[in-house]
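Asks: If you read the protein sequences in the order shown, they are chains A and B.
Heads up, the first sequence is in this note's numbering, so the first residue is 7 and it goes up one at a time.
Heads up, the second sequence is in this note's numbering, so the first residue is 16 and it goes up one at a time.
By construction, these hints were calculated from the structure, which means they are not laboratory data.
Check before you lean on any hint, since a few could be wrong.
Said to hold, decoys possible - Below, a sample of chain B positions facing chain A; criterion: calculated Cβ distance under 10 Å:
#1 Val66
#2 Gly72
#3 Asn104
#4 Glu109
#5 Leu136
#6 Gln161
#7 Asp166
#8 Lys168
#9 Leu179
#10 Pro181
#11 Arg184
#12 Asn196
#13 Arg266
#14 Gln287
Since the structure is predicted, the reported quantities are computational estimates derived from the model, not experimental observations.
C-beta: ideal position from N, C-alpha, C; glycine also.
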Amino acid sequence: MKRFLSMIKYDYLQRTRSYTFLITLCASMAIAYTFVPEPNANYSTLRIADYVGYYNAAWFGYVTAIMSSIFLSLVGFYLINSGIKRDSETKIGQVIAATSVSNFKYLLYKTVSNFLVLVTIVFLIFLMSIVLFFLYNDGYPFELLQFLKPYLLITIPALFLVAVLAVAFEVFFGTYSVVQNIGFFFLFSILLVYSPQTDRQLSYDIFGSKIVTNHMENEVQKILQTDQKPGLNIGFVLGNVNRNKKFEFNGLEFPTSFIISRLVWILLGLALVTLISPLFHRFTKKVQRQKKKQSVVANDQRLAREINILKLPLPEVDYGILPLLKSELLLLFRKGKKWLWIVNIIGMAFLVALPYKISHQIVLPIVWFLQVGRISEITTKEVSNNVHYFARTSYLPINRLLLSQALSGILLLQLLAMPLIVRLAILGETKAAFSIVLGGLLIVLFAAVSGMLSKGKKLFEVLFFMITYANINSIPALDYFGAFEHHPNYILQLGSISLIVLLTGILFKKYQLRE
Amino acid sequence: MRLDIQQVSKRYAKNTYGLKDFSITIENGILGLLGPNGAGKSTLLKMLATVSKPTEGIILLNKNNIEKDPNYMRKQLGFLPQDFGVYPNLNAIEFLEYMAAMKGIGGKTLRRRINDLLEGLNLTHVAKRPIGTYSGGMKQRVGIAQALLNDPKIIIFDEPTVGLDPEERLRFRNLISDLANHCIVILSSHIVSDIDTVADEVAIMKSGRLITQGNQKSIVELVKDKVFEITLERDQLNDFKMSHIVVSTMRKEGNLVTRFIADSPIETATVQEANLEDAYLYLIKTN
Chain A
7 MKRFLSMIKY
17 DYLQRTRSYT
27 FLITLCASMA
37 IAYTFVPEPN
47 ANYSTLRIAD
57 YVGYYNAAWF
67 GYVTAIMSSI
77 FLSLVGFYLI
87 NSGIKRDSET
97 KIGQVIAATS
107 VSNFKYLLYK
117 TVSNFLVLVT
127 IVFLIFLMSI
137 VLFFLYNDGY
147 PFELLQFLKP
157 YLLITIPALF
167 LVAVLAVAFE
177 VFFGTYSVVQ
187 NIGFFFLFSI
197 LLVYSPQTDR
207 QLSYDIFGSK
217 IVTNHMENEV
227 QKILQTDQKP
237 GLNIGFVLGN
247 VNRNKKFEFN
257 GLEFPTSFII
267 SRLVWILLGL
277 ALVTLISPLF
287 HRFTKKVQRQ
297 KKKQSVVAND
307 QRLAREINIL
317 KLPLPEVDYG
327 ILPLLKSELL
337 LLFRKGKKWL
347 WIVNIIGMAF
357 LVALPYKISH
367 QIVLPIVWFL
377 QVGRISEITT
387 KEVSNNVHYF
397 ARTSYLPINR
407 LLLSQALSGI
417 LLLQLLAMPL
427 IVRLAILGET
437 KAAFSIVLGG
447 LLIVLFAAVS
457 GMLSKGKKLF
467 EVLFFMITYA
477 NINSIPALDY
487 FGAFEHHPNY
497 ILQLGSISLI
507 VLLTGILFKK
517 YQLRE
Chain B
16 MRLDIQQVSK
26 RYAKNTYGLK
36 DFSITIENGI
46 LGLLGPNGAG
56 KSTLLKMLAT
66 VSKPTEGIIL
76 LNKNNIEKDP
86 NYMRKQLGFL
96 PQDFGVYPNL
106 NAIEFLEYMA
116 AMKGIGGKTL
126 RRRINDLLEG
136 LNLTHVAKRP
146 IGTYSGGMKQ
156 RVGIAQALLN
166 DPKIIIFDEP
176 TVGLDPEERL
186 RFRNLISDLA
196 NHCIVILSSH
206 IVSDIDTVAD
216 EVAIMKSGRL
226 ITQGNQKSIV
236 ELVKDKVFEI
246 TLERDQLNDF
256 KMSHIVVSTM
266 RKEGNLVTRF
276 IADSPIETAT
286 VQEANLEDAY
296 LYLIKTN
């Protein structure tokens, strides 16, 4: 037991001391700050018809708990879903595989470690919710239980299941990170739209939020004296705030069946870990494949001819970026599994075949999102592949290398969007076509700068998932490729933001090289 | 070519130095940098390669300050870092073309130069396979090839023989020996035998400082008549190690033939001809 706890402790320390964790933590805190809008803010996060709750302890506790449960279930997964992969890359996995630690114990310790990482973020969000209460409350007393209860019964079990799912996805799709990312994205979307019809079905809600939102809807329904359930809005919705309509929400007494169901979910999570344990590869997959290929290499006939280095043909000076661009494109195209290109081609076919609005609003962000593994590494692959010394000593690294990296990503996204761009151009929708070109530019520059700032690809991955989720849920504020109606200055805005991101990237790269 | 390193220091924290007041002048030929792990060899080489900058002091290449004009160095530099990686999805030719593009070289002769380098480093037969499938020694040779791609005038090899088998080490030595008359080669290692067969000059470092510098003969001279051999029984060795610098031990007929360094001879010990390894150990242990 002591050894088990030590493993969890050191894995947890290793992960929480990373720069990526720090950045995600800061981003989470910034987002948590907006979970309960400031009284005069022109957005809402949880709203029932035109009603929001009075700003009392229950409203702060329950709303932030629900928002954390949903927000961290999506974002948190991408933060923790590479624990086993990292052990494989650092070869720690092979050391562990050679010890007596069983598959179950290893996977359980990864689950617990994942969970603790998420709990750390939740704990800070919890503290933030209390701070928000004291900042914005409508004169109501502070009640700690109204904060503790929803976090313990809603958020914590949900995050435990996310921790289990992260491990399960790694076990099943170990080397297919794209499948993990996309698969969870769809699973999350399905779980989120699940709508319980009876009290009993409320127990099936993994996020545990439906019981609270149902209760809120019932309260508002009583005020409105209507037979129909009022509409519920969860998420960041801009500009629909009517400050005059408030209702009293005092939390709820969770039925015993719901409390038991939350425990059952945790037990089911543990059962899943037990079930997948025999399927865990125990770090043999990659090793076996490499051995096979290396043995072929070793069997080849050796050709030994001494050369005189001084008599080799001299290379010519060529400071153009085309050869670099070619290599960067090669790296981008070779990255990831080959079958993903079949999916890309299918996506491109959909861009041609579906109604152009759907192609633009739904298919394009998904097709671009499928490239997340490629473009998130645009400026970080040197470090992750340990090639950074060569990059640092290259000739004019900013003017040539950084430029070619950004260009390669932009070209990739433009190529994938080309069927739609051409189609829109033919239809005379030049503004929409141009928005796509600018959007591709912006998202690649954003990927490059996120990579440079966070020194890793996770930050961009997490943000890109959030942005894409917002895109396909038709939230116009995060529409970076002109899929929705915007004011006339939209293209100018996109261009300006791209320019700012570009300049930030150049300045930061210069700073990096100088330091 | 002339490389002047003047009073160079690299400070990591207030009183923590990776390198302290390091000065040396290097002209064409092979300089072997010897020192134990943590001596500051890689710190120095990274500064020479413009990967990092000195906290104090200046580095001049042909009187050009490389901190102010790093591209002057980069244009004529070939650098093999100690710990480097590759892009596993590229094959050796693609990777070298990428490296060439980074260095700003190309033209019609590039492909021929790459092919010749791959042949000289015994990689032709695997040149079109993804580097991810290579063994450690093969990757190391790809690293050596990239360092020689641009006809460099200053070549920095940080622990270049790691992962190479004896035959490959020999080929590597032959390869760089040809370069000695035309450019500066700086070769770092903590393995003396990697240095003693090729280096014209040797610099020995410890704890971020330069202990000594000179040609091999002058350094070996420091331990002349101080190297001995004695036969010990097994249980005597530990006590003997406490009072002498033991270079090596060899089992012979149940006893241990022990090579050691001492300032004054021992009665039963015989004087041996000193070599660079003896001098290196002596300088490291006594400084």
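Asks: Are the hints correct? Go through all of them and say.
Replies: Results of checking the hints against the structure:
The restraint placing Val66 (chain B) at the interface with chain A holds, with a minimum CB-CB distance near 5 Å, inside the 10 Å limit. Evaluation of the Gly72 (chain B) hint against chain A yields a violated restraint, the C-beta minimum of about 18 Å exceeding 10 Å. With 10 Å as the threshold, the beta carbon of Asn104 (chain B) comes within range of chain A, its nearest partner Cβ sitting at about 4 Å, so the hint holds. The interface hint given for Glu109 (chain B) is met, as the beta carbon of that residue sits about 6 Å from the closest beta carbon of chain A, less than 10 Å.
About 9 Å separates the beta-carbon of Leu136 (chain B) from the nearest beta-carbon of chain A, less than 10 Å, and the hint is met. Residue-level restraint check for Gln161 (chain B) holds (minimum Cβ-Cβ distance to chain A is 7 Å; threshold 10 Å). For Asp166 (chain B), the shortest C-beta to C-beta distance to chain A is roughly 5 Å, which falls under 10 Å, so the interface hint holds. With its C-beta approaching chain A no nearer than about 12 Å, Lys168 (chain B) sits outside the 10 Å limit, and its interface hint is violated.
Because the beta carbon of Leu179 (chain B) sits about 14 Å from the nearest beta carbon in chain A, more than 10 Å, this interface hint is broken. The restraint placing Pro181 (chain B) at the interface with chain A is violated, with a minimum CB-CB distance near 14 Å, outside the 10 Å limit. Nearest Cβ of chain A to the Cβ of Arg184 (chain B): about 14 Å, over the 10 Å cut. The hint is violated. About 9 Å separates the beta-carbon of Asn196 (chain B) from the nearest beta-carbon of chain A, less than 10 Å, and the hint is met.
For the restraint placing Arg266 (chain B) at the interface with chain A, the shortest Cβ-Cβ distance is roughly 32 Å, beyond the 10 Å limit, so the hint is violated. This hint is violated: Gln287 (chain B) has a C-beta 34 Å from the nearest C-beta of chain A, more than the 10 Å allowed.
Checked against the numbered hints given earlier, this structure breaks hints 2, 8, 9, 10, 11, 13, 14; the rest are met.
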